[in-house]
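Once you have looked at the hints, place chains B and C on chain A.
Residue numbers (this note's numbering), protein chains in the order written: chain A, -6 to 314; chain B, 416 to 950; chain C, 46 to 330.
Calculated from the structure, these hints are not laboratory results. Here the structure is a predicted model, which is why all the values come from computation and not from measurement. Wrong hints could be hidden among the right ones.
Derived contacts from chain C toward chain A, CB cut-off under 7 Å, selection only [unchecked claim]:
#	residue
1	Asn47
2	Val50
3	Thr54
4	Asp58
5	Ile122
6	Arg124
7	Arg125
8	Thr126
9	Tyr128
10	Leu131
11	Ala132
12	Lys133
13	Pro134
14	Val135
Yeah, the Cβ is synthetic: ideal placement off N, Cα and C, and Gly gets one too.
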Amino acid sequence: MGVAIKAEGLTKRFYQRGEVVAVDQLDLEVMEGEIFGFLGPNGAGKTTTIKMLLGLIFPDAGRAEVLGFPAGAQEMRRVVSYLPENPYFYDYLTGGELLDFYGRLFGLPSAERKKRVDQLLDLVGLRNDKAKQLKQYSKGMMQRVGIAQALINDPKMLIFDEPTSGLDPVAHIEIRNLIESLRDQGKTVFLSSHQLSDVELVCDRICILNFGKMVKAGSVGELTSQGRTEITAKGLSSDTREKLAKLAGSVVEREGAVVVTVTDEASLNTAVDMIRAASGVLISAIPLRRSLEEVFVETIGLAGPGRRIGTMNTLTQDRTA
Amino acid sequence: MMSAAERTRAWIMLALFFLVSAGLSEGVRSGHKVYVEASRPVQSVDPRDATGDRSALKGTAFQTLIPSLLGVREVLASLMWVRADDYFHRGEYRPIIQMVKQITAIDPNQIDVYATGAWHMAYNFMDKRLIADGVKFLEEGSRNNDTVYDLYFELGYMHYDKTKDFPKAVHAYQTAAERGTTIPGRKAPPSYVRHQLAHAMEKMGDIDKSRAQWERNIRLAQELQSQGEQNFGAAGLNIDAAENNFYMTDRRMNERLAAGAERSKNQAEALRLWEANVKLAQDLLKLHPRHGNYTKDLQKAEAEVARLRAGRLRPMDPADIRIVFNVARVGPKKIEVAGTCNVLDLSRVHVRIQDKDYEERIKKGFDFKMRYCTLEYDNVSVKQGQFRKTFELDKDPADMERDPADIYPLKASEYEVSVSYNPRLQAVFIQDSYGWSGEGITTEKSALVEDDTRAGILRGKRFPLRMVSKSITITKDDIVGNGKKQIYPVGRSVAPKPIPFTPPPADPQATPIKPLPVPPPSAPAGHSANDGHGH
Amino acid sequence: MNTWVIARTTFGDSLRRRVLLIFLLLAFVMLTLALLLNYFTAREQSTIFKSTQLVIILIFGALISITTAVYLVPNEIDRRTIYSVLAKPVQRWEFLLGKFLGGALTVGFMIGLMSLALMLVLSILALKPPSGAADVQQLQEASAGVNVKDWLTRSSAEIMLVIRAVLVIYFQLVVVTAIATTLSLYLAPTVNFGVTAIIWILGQFQDALSGVIEDRTPLGFAVRGVSYVVPHFHDFNIMGSIIHPAQIAKDFDHWGYALGVCSYGLFWSLGVLMIGVLVFDRKEV
Chain A
-6 MGVAIKAEGL TKRFYQRGEV VAVDQLDLEV MEGEIFGFLG PNGAGKTTTI KMLLGLIFPD
54 AGRAEVLGFP AGAQEMRRVV SYLPENPYFY DYLTGGELLD FYGRLFGLPS AERKKRVDQL
114 LDLVGLRNDK AKQLKQYSKG MMQRVGIAQA LINDPKMLIF DEPTSGLDPV AHIEIRNLIE
174 SLRDQGKTVF LSSHQLSDVE LVCDRICILN FGKMVKAGSV GELTSQGRTE ITAKGLSSDT
234 REKLAKLAGS VVEREGAVVV TVTDEASLNT AVDMIRAASG VLISAIPLRR SLEEVFVETI
294 GLAGPGRRIG TMNTLTQDRT A
Chain B
416 MMSAAERTRA WIMLALFFLV SAGLSEGVRS GHKVYVEASR PVQSVDPRDA TGDRSALKGT
476 AFQTLIPSLL GVREVLASLM WVRADDYFHR GEYRPIIQMV KQITAIDPNQ IDVYATGAWH
536 MAYNFMDKRL IADGVKFLEE GSRNNDTVYD LYFELGYMHY DKTKDFPKAV HAYQTAAERG
596 TTIPGRKAPP SYVRHQLAHA MEKMGDIDKS RAQWERNIRL AQELQSQGEQ NFGAAGLNID
656 AAENNFYMTD RRMNERLAAG AERSKNQAEA LRLWEANVKL AQDLLKLHPR HGNYTKDLQK
716 AEAEVARLRA GRLRPMDPAD IRIVFNVARV GPKKIEVAGT CNVLDLSRVH VRIQDKDYEE
776 RIKKGFDFKM RYCTLEYDNV SVKQGQFRKT FELDKDPADM ERDPADIYPL KASEYEVSVS
836 YNPRLQAVFI QDSYGWSGEG ITTEKSALVE DDTRAGILRG KRFPLRMVSK SITITKDDIV
896 GNGKKQIYPV GRSVAPKPIP FTPPPADPQA TPIKPLPVPP PSAPAGHSAN DGHGH
Chain C
46 MNTWVIARTT FGDSLRRRVL LIFLLLAFVM LTLALLLNYF TAREQSTIFK STQLVIILIF
106 GALISITTAV YLVPNEIDRR TIYSVLAKPV QRWEFLLGKF LGGALTVGFM IGLMSLALML
166 VLSILALKPP SGAADVQQLQ EASAGVNVKD WLTRSSAEIM LVIRAVLVIY FQLVVVTAIA
226 TTLSLYLAPT VNFGVTAIIW ILGQFQDALS GVIEDRTPLG FAVRGVSYVV PHFHDFNIMG
286 SIIHPAQIAK DFDHWGYALG VCSYGLFWSL GVLMIGVLVF DRKEV
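Same shape as in the complex, but just chain A (with noise of 0.2 Å):
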């Protein structure tokens, strides 16, 4: 698998009364064929960095190539498609208009273009809607009509910016549904999205990005993964129960049975050894798991307590304080 997007020393700097770093020394690599998820709360550098990679904002140091190319380069965006947040589109235009106007910028002869025009609009439900003019469409049409504009050219990747924002919940399920099937085509989907759940649902790996840098970054098992097994058992003698709670650090009696928590993989063999020993019984041992929100919010949070999501207007006086 090779790799769809290389970042090395990626830096982007905005002058608002006074310098503002918006990206700093980003260093990112996003496989083909994935789902990569690109987090960060507001003003962390998240759209800074898709615009650099798009070309439509240039960066200050550092380089990125996009599926080989140079980022923003002509060739890269033939392969590539963006859905912006919020989209907006020519609202005179029907939505069929719209996708030909987009056919037409990518050199698609006539009559593929009329066909894959119908196929798309099919695919994101929109075909009863084709003669519409899109000032006619509500903001879950929108962003349909929105996703069918980006498969006009039947990228190799995809950047989605919030694709499923506005949507319901039934949509949700659609275009997470549609975004594995992209990547089941092999395409590589990068997806910058506020809506954790439907990350943590879809993508392989994720980025966490913080005041323009990257803070965290893995798969979605690894980062979610606590590597704590909760142990359940019973029958144990309450020396066993001492030696134990020695190991886990504490011991929890629940509904007759004891329940440790083991942070790593080597007390976990310990404490089961322990408990086979003392010829308890081993009810259960199960991995426990956070949420992608909790990994967030605490790699956000990290800084301090009390500390605020940083945005780009806090930052000088984060800085300053």
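Relative to chain A, chains B and C alone:
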């Protein structure tokens, strides 16, 4: 982002585009100069009217700069013209002259503004001083619109009708005939222009030129018809008019020469000329059998032939024409010029009152001092040898509620009152009695004006213009004083005794001459120029 | 080609701007009002009508072109439609030129509509026979019947005059559109409107510098050099050649000049747009 090579290419293209546009702008610059020169007003005359008010716009930034902005020069002038017309319809005449000069200062190509403005000056306001102003205005307008006939034609008509300066009328009409038109698809001016030219030549006295012009007019009308420049019917009408005038010129030429022959008692020559007229009328009646005027002409010519064959010459002794007149103040600023002039009824004498130095002023050019000039005249008819004209210098002649002092300032200390008789301006039958250039006139030496510069030319022969003119000088006090006063001649009564005269007899029975033998029937022959008519 | 695709979309988008339709409506109202003006001879009527209408077309055309152009790129950025377009394989110069071309097409369409109305009315006015000494001729011709060939000659001449006038007006407005489009990369729309309008108005007064430009002095050459990069709006003002073509005829090549000045406008606009292309290439959106 573009690569370095692409950026270099973009810079090169940028430079190329500006270079090409710079080159094009140089080419456009010379064309623009031509355009600006062509549309720049030529105002050799300071546009001040008789009231002495200076044009508020001449030379100002408003005139030259702002109207150039966005090309609103033409629309500004157009809208001001609409406003001026509004003044006219509401009877507010005073602003019109000022406005037409401002409008033409802004847009010198507004032909109709020049034409109508000059008409207001020369005709509508009935201020004789403005006629010269109107002429200058049209001269300026024709210079500014030199490529088209229109204002040259208007100028010609102004001289023809108002100033009676026929040489200038001819010059203007000639220029008009050589110019183009503003009408798409029409290269030549309307036939009427060339017809007026021929008429003006005749009035000027150059009958030969007039005849030649009518021949040209006929030929041109036929060419225009064949080229389809006019529709067939209209071209046909022009050919007819030109042919008719050509005939009338020949006929009148013969009549003038016949009158001259009778005056010199050359019966044979007079008979030959009237016989030529008979032939002219007969030839035309062959083409237009029921033409009433040609029938009358034929009848008249035949009667004259009969008279001459019977030996009855008219007594054409030189007419001793005397002008005697009184000038009296009949009320404050009311001057009556009454007198006698022993000429045929329906004659007209030109009675005039003006500042004594008016002519010199005019020659120097029209300037603001003209506002202080007084000028008034009229062509007064003579009945039973008597004429009378009262100049009411205390009234607005156009009855426009203007202050009479604006029209007749009476600033000068001396004024010239003159009475003159010009045979060229009289009716045709009077011309034939006295000679169309006054060759049959005599008068006292002091009153005789003989002008070779206005000589008539007929079959190559020159006939200097002979006219009678008398003038006297009166003072300002004579005019503005109260009560009645006999101004001239001093010491005589207000109403001088008329000089008796005997009009020439219509049928000279009293002067029988040996009748001429009846000539043999004339062999059919083609026309020659000497006969006075050739198609 | 992407430029044309973007131009078409821009054209469609611009036509739906309400403010442009208001300008168009106002222009038509003024066209109609001008018909009510009190007229005199046929020539005066044609002169007054043509001059007022062409100035109306010029002024409203300028309003339309500036209003369209100042929003071409900023609207795309504000509404964020630019992201989904530039994320496609569209070169920045294609986008900018496409926006400009769409704006220019909008202006052309609007003044095209106005001039069609003008041509129609002038053709009707041409039914009235000519004036002046031709009044006498006209009386003759009236008795001889209406001359269709004459009317066709006159009305087609009027139409060609309008075409020439509108062509020159259009290319003047193309220059204005190019300036406003390039400035829109730097300036907010309201500021851009004022700046472009001032450049246009000041450009009318270039003739005031003509004396200096002709000088063969260092200052003269310098001013001349500067004059090559500043638009010569005054050169587009040949209204006299349209209203009084017969009187300006001597030594003046009407069509040659018109085509020359239009070409100048086109190349100058392309030059200024290249500046825009170079700027936009580095502009962050």
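Each hint tested on the structure:
1. A cut of 7 Å between beta carbons decides the hint on C/Asn47: the least distance to chain A is about 6 Å, and the hint holds.
2. Taking 7 Å as the C-beta contact cut-off toward chain A, the hint placing C/Val50 at the interface holds, the least distance being around 5 Å.
3. The beta carbon of C/Thr54 comes within 6 Å of a beta carbon in chain A, closer than 7 Å, and the hint placing it at the interface holds.
4. Against a cut-off of 7 Å between C-beta atoms, the interface hint on C/Asp58 holds, since the closest Cβ of chain A lies about 5 Å away.
5. For C/Ile122, the interface hint is violated, since its Cβ never comes within 7 Å of a Cβ in chain A; the closest pair sits about 10 Å apart.
6. Proximity of C/Arg124 to chain A holds as hinted, the smallest CB-CB distance being about 5 Å (cut-off 7 Å).
7. About 5 Å separates the beta-carbon of C/Arg125 from the nearest beta-carbon of chain A, less than 7 Å, and the hint is met.
8. Taking 7 Å as the C-beta contact cut-off toward chain A, the hint placing C/Thr126 at the interface holds, the least distance being around 6 Å.
9. Interface hint at C/Tyr128: satisfied, since its Cβ lies 5 Å from the closest Cβ of chain A, which is below the 7 Å cut-off.
10. Proximity of C/Leu131 to chain A holds as hinted, the smallest CB-CB distance being about 6 Å (cut-off 7 Å).
11. Evaluation of the C/Ala132 hint against chain A yields a held restraint, the C-beta minimum of about 4 Å falling below 7 Å.
12. Satisfaction of the interface hint for C/Lys133 is found here, the shortest Cβ-Cβ separation to chain A being roughly 4 Å, below the 7 Å cut-off.
13. A least Cβ separation of about 4 Å between C/Pro134 and chain A falls short of the 7 Å threshold, and the interface hint therefore holds.
14. At its closest, the beta carbon of C/Val135 sits 6 Å from a beta carbon of chain A; the interface hint therefore holds under the 7 Å criterion.
In this structure, the one hint that does not hold is number 5.
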